[in-house]
Amino acid sequence: MKRLFFILIITGFFIQASGQKYITKNGYIGFFSHTPVEDIKADNNQVASVLDISTGEIVFQVLIKSFRFEKALMEEHFNENYMESEKYPRATFTGKITNLSAVRFSSAGVYEVEVEGDLTIHGATKKVKAKGTIEVAKETIAASSKFSIDPEDYNINIPNVVRNKIAKTIEITVNMKYSTSGNQ
Amino acid sequence: MSAAQENLLDMLDKDSKSDINYTSATFKSTRVMNGHSVERMPGGQLDFRISHRFGRLNSGAYELFGLDQSNIRFGLEYGINDWLMIGAGRGSYEKTFDGFAKFSLFRQSTGARNMPVSVSFLSTVAVNSLKWADPSRTNYFSSRLSYVAQILVARKFNQSFSFQLMPAYVHRNLVATELDPNDLYSIGAGGRIKLTSRISFNAEYYYLANPKKYISQEVYDPLSIGFDIETGGHVFQLIFTNSVAMIEKGFIGETTGSWGKGDIHFGFNISRVFTLKRK
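Protein chains in written order, with our numbering: chain Y, 385 to 568; chain A, 10 to 288.
To be clear, the hints were calculated from the coordinates, so they are not data collected in a lab.
Fair warning: there could be bad hints in the mix.
Unchecked claim - 30 Å max Cα-Cα, derived DSS-like pairs, lysine-lysine:
1. Y:455 x A:222
2. A:286 x Y:549
3. Y:552 x A:104
4. A:140 x Y:455
5. Y:471 x A:203
6. A:286 x Y:425
7. A:140 x Y:549
8. Y:522 x Y:449
9. A:270 x Y:449
10. Y:405 x Y:530
If we strip away everything but chain Y, and leave its shape as in the complex, we get (with noise of 0.2 Å):
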C-alpha cells in the first residue's frame, strides 16, 4: 500500500512535469505533385507528434503506409518502389522552432514561426527550414506548415518512364492539433 501510494506520487510528479509538452497521434500531413500529365496527392492522418513547449523542440514520426492516394495502385508503387517501406516503414522530423521568444504560449493567438531541424525520409537525412503558424487556444495548440522537398535529395529513385508524371519537387502540408492528453 505504501509502494502504491509512493507510485502514485512520483507519477503525478511526471504528469506534471510533462506538462510542457503537446501531443498529438492523428495529425495530418499531406503531399501534393504536380505535373501537366497527372496530379498526386496523398492524405495521411495518423502521424504523432510532440511539441515541448519550454524548449521549442518538435518531432514527427510518420508511418509511411499510412498515406492514402485516390488511386490503389500508386499507394501500392509508392510503398514498393519509391518509399520501400518494409524497409524504412517510418519518416520522421526532430527539429526546434527557432523564434521561440515570438509566441506566447500563456495568451491565445496565431503566432508565425520558423522552425528547423532534421528530416529523415528513405534513410536519408536532410536538414530542413521551414515557415509555419503556431495558433494557441484554451488546451489546445493548432501548428501548420507547408514546404517542399525534392525526392532526389532522399535517395528515391524515380525511372525515365515515370518522369513526367512526378513532380521534382513536392509541396508537404502539416496540421497538427495538439493537447497534452494528445486525444485531439
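Dock chain A against the given chain Y, drawing on the hints supplied.
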C-alpha cells in the same frame, strides 16, 4: 538530434506498435504466370487484360518460331471491394468464355495480428463455345461447362522473394472418352524473385496428380517461366510456357506441349488498371 528530441521520439514510438501491418504486393499482378496469384484487384479498380500465347518455338523459321500463330484471351476483371474480385474473359483456345470470383480470406500481416501467409480462394467456370463435334446426337449445354476450385496460399518471405502453393480441383462435365477422368486434381507451386524494383523473375508449375495413362491426350504438367515488368499503371508479363491455354481448366489438364521436345510457347500478358471508383 539532441537527447531531448530523442526522448520525444521514444514517447511516440511506444504508441505506434499496436497497428496491424499488412504485407502488400506479394505478386505484381493477379497472375503468377498462367495461373492466379493470391493478389486481387483492390476495390473500385478495373483490370483490362490482354494475353497472347504464340505457337511453338520448335516450329522453325517458316512459322517465325511460332510468332505466326497466336492464341488470345482478353478479360475484364474488377475489384468489388477489398476482399472480392470478379472477372470475365474470352479465349480463343476452344473459343472459351470464362468467369471467376476470387475471395481474399487471409492477408499476411505482422504487428497486432500475426498471419504468416495470405490465402485466397478462386472459383471459375468456363464455357466451351466450339461447334458440336457431332451435331446429330443430343447435345446438352451443360456439356460445355467445366469448373475449377482453387486455394491459393502465398507468403512474401522478404522484399524480393514470394512463394505460393495452390492446390486445384478441376471438374469437366464432358470428357473425350469414357476412360478420361471428369475430375482432375492438381497441386501448383509458383514464386517470384524481384530483380529490380520493377522487374521480377517468375516461375510456375502445376503437378497433375491423375495418372496420365487414363487421359486420352498425351498431356504434360504445365511449366511457365518469365518476367514481370511494371511501368506505372501497366504490368507486362513475358512468358515461356508449354501451355497455350490461359485458364485453369485448359492448362492443368490439357497441356500437350513438352519442354523436353521444345514445344515452348512465347507469350505475354498485358494488364492495364483503371480506377473507376476513387477513394
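Each hint, compared with the structure:
At roughly 50 Å between alpha-carbon atoms, residue 455 of chain Y and residue 222 of chain A are farther apart than 30 Å, so this suggested pair is violated. Among the hinted pairs, residue 286 of chain A with residue 549 of chain Y is consistent with the structure: their alpha-carbon atoms are about 21 Å apart, no more than 30 Å. For a cut-off of 30 Å, the pair hint linking residue 552 of chain Y to residue 104 of chain A is broken: about 49 Å separates their Cα positions. About 43 Å separates the Cα atoms of residue 140 of chain A and residue 455 of chain Y, which puts this hinted pair outside 30 Å; it is violated.
Only pairs whose Cα atoms come within 30 Å are accepted, and residue 471 of chain Y paired with residue 203 of chain A is accepted, the gap being roughly 15 Å. Simply put, residue 286 of chain A and residue 425 of chain Y have alpha-carbon atoms about 16 Å apart, close enough for the 30 Å limit, and the pair holds. Pair hint residue 140 of chain A plus residue 549 of chain Y does not hold up; C-alpha atoms about 49 Å apart against a cutoff of 30 Å. Distance check on the hinted pair: residue 522 of chain Y and residue 449 of chain Y sit about 33 Å apart at the alpha-carbon level, beyond 30 Å; violated.
The hinted pair formed by residue 270 of chain A and residue 449 of chain Y fails the criterion: a straight-line CA distance of about 48 Å is larger than 30 Å. This hinted pair checks out: residue 405 of chain Y and residue 530 of chain Y have alpha carbons roughly 23 Å apart, not beyond 30 Å.
Checked against the numbered hints given earlier, the structure breaks hints 1, 3, 4, 7, 8, 9 and satisfies all the rest.
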